[in-house]
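Using the sequences and the hints given, assemble the complete structure.
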Amino acid sequence: CLLSTACLLQLSQVVEACCKFLMKQLHPSNCLGIRSFADAQGCTDLHKVAHNYTMENFMEVIRNQEFLLLPATEIAKLLASDDMNIPNEETILNALLTWVRHDLEQRRKDLSKLLAYIRLPLLAPQFLADMENNALFRDDIECQKLIMEAMKYHLLPERRPMLQSPRTKPRKSTVGVLFAVGGMDATKGATSIEKYELRTNTWTPVANMNGRRLQFGVAVLDDKLFVVGGRDGLKTLNTVECYNPRSKTWSVMPPMSTHRHGLVAVLEGPMYAVGGHDGWSYLNTVERWDPQARQWNFVASMSTPRSTVGVAILNGKLYAVGGRDGSSCLKSVECFDPHTNKWTLCAQMSKRRGGVGVTTWNGFLYAIGGHDAPASNLTSRLSDCVERYDPKTDMWTAVASMSISRDAVGVCLLGDKLYAVGGYDGQTYLNTVESYDPQTNEW
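For the sequence shown, the residue numbers in mature numbering (1 follows the signal peptide of the UniProt record, and there is no 0) are -17 to -1, 1 to 426.
In silico DSS-like links for lysine-lysine, alpha-carbon gap of 27 Å or less:
1. Lys231 / Lys155
2. Lys400 / Lys207
3. Lys325 / Lys375
4. Lys375 / Lys300
5. Lys152 / Lys375
6. Lys31 / Lys60
7. Lys152 / Lys60
8. Lys152 / Lys135
9. Lys7 / Lys31
10. Lys178 / Lys400
11. Lys325 / Lys300
12. Lys207 / Lys152
13. Lys375 / Lys135
14. Lys128 / Lys92
15. Lys400 / Lys135
16. Lys152 / Lys31
17. Lys135 / Lys155
18. Lys334 / Lys314
19. Lys96 / Lys60
20. Lys400 / Lys314
21. Lys152 / Lys92
22. Lys375 / Lys334
23. Lys300 / Lys400
24. Lys128 / Lys152
25. Lys178 / Lys31
Rather than coming from a laboratory, the hints here were simulated on the basis of the structure.
Encoded structure:
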């Protein structure tokens, strides 16, 4: 009451003191009330703090009476947010159902309108099947339409590019985290590992590698980070170590047959170490890690030796993109089918690219940055341009360029955006990161 009177009388210092007091009182049981009160009184700082607190502690907030008493319009605003801290989309759906059941007669009419804010296509198929039979949704045509839309998304993966909507965009806390492992800094190899969280837009240091490694491969298997090969400044390595982010521990894995600095990728379980350089020559050999037998085996070799090659997985095949074979950078691309153990050539890129970053999204493969230069002159002709490969037509198309050139760039998909992390711009090793939205074609 003091705060609203102070607002009325425009007593700014009293307002500020009251707001500071309320900020200290925030709790999952009262933050929604404080948030709407701040909104009504026009206290923007308090509103922002209360809103952020609500998003951060969303799992506790939805267990409190305040949440159950919110009007449908406020529930809609919450469900539309990308910023809530939740493990998965199921928790949001369950929160909505708890709210509806709290006053079923009155709230049933709002169900389909509110269900449209739930990212149903991102729920597990068995969850959707149970929903369809749930009495709450059975007789509501609009709800059934939304459930059917989600089922189509699961049934027709090849049509997903056409089925994109606000409901297929994951919320920030559910996309996982991005790890930046080692790399080059101004003077030497960095051994640090940092992780990026989209919801908070922050990087935090998490661990250090056991020794210095440059030009090594990194892959994720069973929620663990594998660090493969590389060089320590003197010699090329065949060693493999594995980091478990949950227990924050390192373990040593069986080494590869070949000492190589190059790249790795994971396809249908196994991990592949592709090409690279053994300290003497450029390699076209490929090894596969068998997690069951815990050993590395050779598979078919590529047609061309490739070091600083970009690798990615698309539609059950392993792609090797560009790289360098010694004297020059390559624009050629080849792809490996694990079922036939054969490599076949694909359409060439428009640019030669060594040190290229490669990732996939929605059935396309993206080649990002890199360099095209003779071995003696690495600083020239660095690339900021990006090309997209469509396996259905076997064609490359240019898409939007990055803001700067990045050679030896780290690239990955997080949620529905591609991230280009670090790299070398010709003068310095970069700590900047940019993201690309394939739907708007913008960095």
